[in-house]
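Participant: Between the sequences and the hints, there should be enough to build the whole structure, so can you do that?
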Amino acid sequence: MKQLCSIPLLLCLLAIPGALAADEPVDWEMVTRIRDEGFNRSQVMETLRYLTDTIGPRLTGSPALEEANEWTRAKLEEWGLENAQLEEWGPFGRGWSFSRSAVHVLSPRQVPLMALPRGWTPGTDGPVTGTLIKVEIESEDDFEDYKGKLEGKVLLLADSREIKIPVETEFERYAPDELAELAEFEIPPEEREEWVVKARERYKLNKALNEFLVEEGAVATLDISSRDHGIIRLRSAGSREPGESVGVPSLAVAAEQYNWLVRLVEDDIEVVLEIDVATQFHDDDLMAYNTLAEIPGTDKRDEIVMVGGHLDSWHPGTGSNDNAAGCAVAMEAVRILKALGVRPRRTIRIGLWGGEEQGYLGSEAHIEDRYATRPEPDDPEERELPSYLWGLHWPIETKPAHADFSAYFNLDNGSGKIRGIYTQNNVAAAPIFEAWLEPFHDLG
719 MKQLCSIPLL
729 LCLLAIPGAL
739 AADEPVDWEM
749 VTRIRDEGFN
759 RSQVMETLRY
769 LTDTIGPRLT
779 GSPALEEANE
789 WTRAKLEEWG
799 LENAQLEEWG
809 PFGRGWSFSR
819 SAVHVLSPRQ
829 VPLMALPRGW
839 TPGTDGPVTG
849 TLIKVEIESE
859 DDFEDYKGKL
869 EGKVLLLADS
879 REIKIPVETE
889 FERYAPDELA
899 ELAEFEIPPE
909 EREEWVVKAR
919 ERYKLNKALN
929 EFLVEEGAVA
939 TLDISSRDHG
949 IIRLRSAGSR
959 EPGESVGVPS
969 LAVAAEQYNW
979 LVRLVEDDIE
989 VVLEIDVATQ
999 FHDDDLMAYN
1009 TLAEIPGTDK
1019 RDEIVMVGGH
1029 LDSWHPGTGS
1039 NDNAAGCAVA
1049 MEAVRILKAL
1059 GVRPRRTIRI
1069 GLWGGEEQGY
1079 LGSEAHIEDR
1089 YATRPEPDDP
1099 EERELPSYLW
1109 GLHWPIETKP
1119 AHADFSAYFN
1129 LDNGSGKIRG
1139 IYTQNNVAAA
1149 PIFEAWLEPF
1159 HDLG
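Here the sequence shown is numbered in this note's numbering, starting from 719 and rising by one per residue.
FYI, nobody ran anything at the bench for these hints, they're computed from the structure.
A virtual CB, placed ideally from N, CA and C, is assigned to each residue, including glycine.
One thing to keep in mind: the hints can contain errors.
[Said to hold, decoys possible] What follows is a set of in silico ranges between Cβ atoms, one per label pair, in the way DEER data are often shown:
1. S857 / D1020: 18 to 28 angstroms
2. G866 / L897: 51 to 61 angstroms
3. P1104 / I949: 24 to 34 angstroms
4. L824 / E1086: 46 to 56 angstroms
5. A996 / L1103: 28 to 38 angstroms
6. D895 / R767: 45 to 55 angstroms
7. D1087 / E899: 37 to 47 angstroms
8. P1093 / R920: 21 to 31 angstroms
9. R1063 / E912: 41 to 51 angstroms
10. D895 / T849: 53 to 63 angstroms
[Claimed, not checked] BS3-like, lysine-lysine: derived pairs with alpha carbons at most 25 angstroms apart:
11. K925 / K852
12. K852 / K916
13. K852 / K793
Facilitator: What follows is the structure, given as structure tokens:
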């Protein structure tokens, strides 16, 4: 079994001076000890298996993420880290989970469908049936076309799409020349503003659509997975805000089967579906949590070096690549340091975030609580939107602790070796990381 590699991350945690020349001496004895502990006594796969095989999907606000928060806190404490705690932030809103999803075509022939409920949508309260129709709803203006026509219907929300024939490898390891190309600095495209505009429109439409579909008596909605080959990738559709409409049951269907349903409807063939979905909203605690723990520093203990990744995931899979792998590697890095009895000059803090998939909410809350704040929008309409849909407002106001924050190493790139670090277009950082990673070039 291949192991996730946390060793290159360790030297980065230990080597954070104020400035570093490219010829900074390497502590080869420490490198050897780290490699020995990591290769011969690693617990990274045990950590990953528990997060994914035992706990499973970790949607923010769900009992599973609550379990993962507490398990990681206890494990870090067991390994000897100090100040192991759950950092509260929020309110996030209602929690949500599902326990059953069974969708069948009853006619023109009986076929089970691969479909899973979208986040924060209601269940069906037992099996329900409905006739399939295709709708085109791009804005609230389109509601008028469907008034009085949705009672007892299951709605296809999206168009069919082309399925890629798998003639090439889906995932490839970067070749040396590709890594070199990634190291080149490029002028970043101006994509955020366009994305924000579209996301705001979708957010507002979703709220209105939830209410409209309930009023019209629709049975459920179906959307197409954004991945091929039977993989179900989805986004949320209901609402986690207390008091808001959660709409009707909504599911994402495997793309190949969704295309088939669209073809049947376009051929004027009546399609009857049976849907049985069990979901649950969790309203006992509207707050959410990050897991934090520390290895205290010595002479520069007030300065912070941080490592982490997001602990939350979406619910269709186990969240192994996104991002239990990153959390397991970060946890393994601090475990190795404690096992070796390392006494760093600066305090090393690990942060395992919640709410990342909903807009970097947990890490943002940590920053705002301790280090810096960004002003709220002047536009009252923009202020009513979730913070991840706000524009970038200035100036950023730093807090006193910001001056002692040295670096943060985030890992959210899936499994596999750490073969480089994205420097966020920081030209000065590149030669520093090149020097730090040199002792691990033999690992590939």
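Participant: For each hint, tell me whether it holds in the structure or not.
Facilitator: Hint check:
A C-beta distance of roughly 53 angstroms is found between S857 and D1020, which places it outside the suggested range of 18 to 28 angstroms. Separation of G866 from L897 is about 59 angstroms and conforms to the stated range, judged on CB atoms against 51 to 61 angstroms. Taking 24 to 34 angstroms as the suggested C-beta distance range, the pair P1104 and I949 conforms, at roughly 27 angstroms. The hinted window of 46 to 56 angstroms between L824 and E1086 holds, with their beta carbons roughly 51 angstroms apart.
Here the CB-CB span from A996 to L1103 is close to 31 angstroms, well matched to the stated 28 to 38 angstroms. Roughly 35 angstroms separates the CB atoms of D895 and R767, a value that falls outside the hinted 45 to 55 angstroms. Checked against the given bound of 37 to 47 angstroms, the beta carbons of D1087 and E899, roughly 39 angstroms apart, stay inside it. Between P1093 and R920, the C-beta spacing of about 25 angstroms keeps the proposed range 21 to 31 angstroms intact.
Look at R1063 against E912: about 44 angstroms separates their beta carbons, and that is inside 41 to 51 angstroms. Between D895 and T849 the CB atoms are about 55 angstroms apart, so this pair conforms to the stated range of 53 to 63 angstroms. Of the pairs offered as hints, the one joining K925 and K852 holds, with about 20 angstroms between alpha carbons and a cut-off of 25 angstroms not exceeded. Only pairs whose Cα atoms come within 25 angstroms are accepted, and K852 paired with K916 is accepted, the gap being roughly 23 angstroms.
Restraint check for K852 and K793: not satisfied, since their Cα atoms lie roughly 50 angstroms apart, outside the 25 angstroms limit.
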